[in-house]
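Colleague: Chain residues, written in single-letter form:
Number of protein chains: 2
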Amino acid sequence: MTSANTTPTVTESAPAVRADIVEAATRVFSEHGYDGASMAQIAAEVGMRKPSLYHHVRKKEDLLFAIHGQLIDELTLETRQAIDAAADPAAQLAASLRVAMTFVSRNRDAVTVFLQENRAVRGERWDEVVGKRDAYERMVQEILSNGAATGAFVNIPPKIASKAILAMANWGYTWFNPDGPMSADEVADIFARIALTGLSKP
Amino acid sequence: MTSANTTPTVTESAPAVRADIVEAATRVFSEHGYDGASMAQIAAEVGMRKPSLYHHVRKKEDLLFAIHGQLIDELTLETRQAIDAAADPAAQLAASLRVAMTFVSRNRDAVTVFLQENRAVRGERWDEVVGKRDAYERMVQEILSNGAATGAFVNIPPKIASKAILAMANWGYTWFNPDGPMSADEVADIFARIALTGLSKP
DNA sequence: CCTACCGATCGGTAGG
DNA sequence: CCTACCGATCGGTAGG
Numbered sequence: 000m001t002s003a004n005t006t007p008t009v010t011e012s013a014p015a016v017r018a019d020i021v022e023a024a025t026r027v028f029s030e031h032g033y034d035g036a037s038m039a040q041i042a043a044e045v046g047m048r049k050p051s052l053y054h055h056v057r058k059k060e061d062l063l064f065a066i067h068g069q070l071i072d073e074l075t076l077e078t079r080q081a082i083d084a085a086a087d088p089a090a091q092l093a094a095s096l097r098v099a100m101t102f103v104s105r106n107r108d109a110v111t112v113f114l115q116e117n118r119a120v121r122g123e124r125w126d127e128v129v130g131k132r133d134a135y136e137r138m139v140q141e142i143l144s145n146g147a148a149t150g151a152f153v154n155i156p157p158k159i160a161s162k163a164i165l166a167m168a169n170w171g172y173t174w175f176n177p178d179g180p181m182s183a184d185e186v187a188d189i190f191a192r193i194a195l196t197g198l199s200k201p
Numbered sequence: 000m001t002s003a004n005t006t007p008t009v010t011e012s013a014p015a016v017r018a019d020i021v022e023a024a025t026r027v028f029s030e031h032g033y034d035g036a037s038m039a040q041i042a043a044e045v046g047m048r049k050p051s052l053y054h055h056v057r058k059k060e061d062l063l064f065a066i067h068g069q070l071i072d073e074l075t076l077e078t079r080q081a082i083d084a085a086a087d088p089a090a091q092l093a094a095s096l097r098v099a100m101t102f103v104s105r106n107r108d109a110v111t112v113f114l115q116e117n118r119a120v121r122g123e124r125w126d127e128v129v130g131k132r133d134a135y136e137r138m139v140q141e142i143l144s145n146g147a148a149t150g151a152f153v154n155i156p157p158k159i160a161s162k163a164i165l166a167m168a169n170w171g172y173t174w175f176n177p178d179g180p181m182s183a184d185e186v187a188d189i190f191a192r193i194a195l196t197g198l199s200k201p
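Respectively, the protein sequence lines represent chains C and P.
Okay, so the first sequence: first residue is 0 according to numbering that gives the first Met the number 0, each after it adds one.
Okay, so the second sequence: first residue is 0 according to numbering that gives the first Met the number 0, each after it adds one.
Hints were generated in silico from the structure; no laboratory data involved.
Careful: at least some of the hints might be erroneous.
Remember, identical chains collapse to one label, so a pair may be satisfied in a single copy or spanning two.
[Said to hold, decoys possible] With a straight-line Cα cutoff of 20 Å, these simulated EDC-like cross-link-like pairs (lysine to aspartate or glutamate) come out:
id: 1; residue 1: Lys49; residue 2: Glu60
id: 2; residue 1: Lys59; residue 2: Glu77
id: 3; residue 1: Lys158; residue 2: Asp178
id: 4; residue 1: Lys58; residue 2: Asp34
id: 5; residue 1: Lys49; residue 2: Asp188
id: 6; residue 1: Lys200; residue 2: Glu141
id: 7; residue 1: Lys200; residue 2: Asp87
id: 8; residue 1: Lys158; residue 2: Asp184
id: 9; residue 1: Lys131; residue 2: Asp188
id: 10; residue 1: Lys158; residue 2: Glu185
id: 11; residue 1: Lys200; residue 2: Asp188
id: 12; residue 1: Lys200; residue 2: Asp184
id: 13; residue 1: Lys58; residue 2: Glu141
id: 14; residue 1: Lys200; residue 2: Asp61
id: 15; residue 1: Lys49; residue 2: Glu136
id: 16; residue 1: Lys58; residue 2: Asp178
Remember, it's a predicted structure, so these values are computed and weren't measured experimentally.
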């Protein structure tokens with residue numbers, strides 16, 4: 000309605016609209032669940048009607064797919080960098096927990112969808128996402144097996160120990176409050192201390 | 000349609016039918032999610048049509064309520080007994096993890112519903128269930144604060160440490176396989192070892 | 001416990 | 001001819 004944009008860009012704001020829709024879907028899926036959310040609600044969040052949404056998205060499932068894909072890519076990248084920057088397995092474990100907890104803190108809705116709405120995550124197109132999830136878990140397992148190899152860690156099956164580590168961070172989506180008394184880093188450091196030296200007094 | 004039942008019982012098999020319905024609902028909710036599950040599916044699982052289900056259940060939500068209530072009551076009772084039978088905080092922590100992991104193993108569907116379908120858990124009638132969930136968590140917190148008081152445990156905020164402990168057991172519903180290579184008790188003992196003495200070599 | 005339905009709302013698509 | 005939408009309605013299914 001304002002003066003026309005005379006720049007020669009072709010697709011103008013199309014990609015931004017798509018990103019807005021995925022963000023809206025993240026909020027709506029997080030609040031109502033994938034099945035409980037309606038395309039009309041998501042459309043309303045970005046200021047359009049439902050049929051207009053279908054000009055940007057082919058199916059409801061496409062939105063869930065986008066949320067999962069973005070999350071695992073970002074989390075994997077940040078975790079990879081943190082691990083590579085850390086000196087030894089203990090520091091790598093602590094760094095991974097810091098990344099995971101701050102990620103949960105910054106992206107609560109997306110993490111909620113990622114961890115809670117995976118019933119629809121089936122079929123061919125989802126294989127890639129599932130593969131990336133497995134690869135993320137393997138990064139943590141490798142920290143543990145490296146630690147055992149260098150003698151820094153005790154000999155505990157990495158596959159089971161990684162479940163304990165990831166559980167601490169993942170479970171945060173059910174209770175962690177970014178506006179609460181402790182920061183994500185502070186919580187992560189406590190979890191790292193529990194994982195590394197335990198609760199028993201030496 | 001067969002010969003009439005002449006026994007003078009009034010409600011006949013009503014309680015058993017009700018239990019069958021709740022069990023069927025547990026399976027169907029676990030597989031499809033609360034919103035994704037239909038009353039017709041649950042009815043079919045117990046061999047009736049949807050309208051007949053409403054002779055035993057007033058609302059879909061009643062089934063979710065029954066599942067949550069049963070689970071938290073049973074888990075609380077078993078955990079209370081295990082804690083009371085253990086000699087010291089370290090043994091109590093290990094015993095709690097054993098109860099939690101075996102519970103997850105024995106009641107995978109119910110635990111999945113309990114942990115994943117709590118969006119509908121709101122409003123007056125749910126206050127009792129939420130209160131019982133809090134009470135369960137407080138049992139674990141007390142083990143940790145008792146351990147800190149007696150000098151057995153290091154000084155870590157019990158509210159945060161309890162999140163780490165409960166996370167390990169709760170997260171099991173996403174991966175633990177009762178038919179897998181390790182038993183629930185074996186996994187619980189590894190988790191207890193991580194929680195008590197950590198992964199780092201002394 | 002059944003068949004026959006209801007008001008509403010679902011995901012998705014028609015023509016314009 | 002394009003884009004970005006609209007009002008209306010599609011076939012099915014939800015809880016009741």
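Colleague: Look at each hint and say if it fits the structure.
Modeller: Consistency of the hints with the structure:
1. In this assembly of identical chains, Lys49 and Glu60 lie within 20 Å of each other by CA distance solely inside one copy; the values are 15 Å within and 28 Å between copies.
2. For the identical chains of this complex, Lys59 and Glu77 are neighbours neither inside a copy (28 Å) nor across copies (42 Å), given an alpha-carbon limit of 20 Å.
3. Taking CA atoms no more than 20 Å apart as the test, Lys158 paired with Asp178 passes between copies only; the shortest distance there is 16 Å, against 33 Å inside one copy.
4. In the homo-oligomer, the alpha carbons of Lys58 and Asp34 lie at most 20 Å apart both inside one protomer (13 Å) and across protomers (19 Å), since each shortest distance falls under that limit.
5. When the C-alpha separation of Lys49 and Asp188 is checked against a cutoff of 20 Å, the pair qualifies neither within a copy, at 45 Å, nor between copies, at 52 Å.
6. In this assembly of identical chains, Lys200 and Glu141 lie within 20 Å of each other by CA distance solely across copies; the values are 17 Å between and 28 Å within a copy.
7. For the identical chains of this complex, Lys200 and Asp87 are inter-copy neighbours only, at 14 Å across copies versus 24 Å inside a copy, given an alpha-carbon limit of 20 Å.
8. Within a single copy, Lys158 and Asp184 get their C-alpha atoms only as close as 25 Å, which misses the 20 Å cut-off; across copies the closest is 16 Å, which meets it.
9. Taking the closest pair of Cα atoms, Lys131 and Asp188 never come within 20 Å of each other, the shortest separation being 26 Å inside a single copy and 29 Å across copies.
10. In this homomeric assembly, Lys158 and Glu185 come within 20 Å of each other (Cα to Cα) only across copies, at 13 Å, whereas the closest approach inside a single copy is 26 Å.
11. Proximity of Lys200 and Asp188 under a CA criterion of 20 Å is satisfied in both settings, with 17 Å inside one chain copy and 19 Å between copies.
12. In the homo-oligomer, the alpha carbons of Lys200 and Asp184 never lie at most 20 Å apart, since the shortest distance is 23 Å inside one protomer and 24 Å across protomers.
13. In this assembly of identical chains, Lys58 and Glu141 lie within 20 Å of each other by CA distance neither inside one copy nor across copies; the values are 37 Å within and 49 Å between.
14. In the homo-oligomer, the alpha carbons of Lys200 and Asp61 never lie at most 20 Å apart, since the shortest distance is 50 Å inside one protomer and 46 Å across protomers.
15. With identical chains, the CA atoms of Lys49 and Glu136 are never at most 20 Å apart, being 37 Å at best within one copy and 42 Å at best between copies.
16. For a Cα distance limit of 20 Å, the shortest separation of Lys58 from Asp178 qualifies neither inside one copy, at 35 Å, nor across copies, at 37 Å.
The earlier numbered hints that this structure contradicts are 2, 5, 9, 12, 13, 14, 15 and 16.
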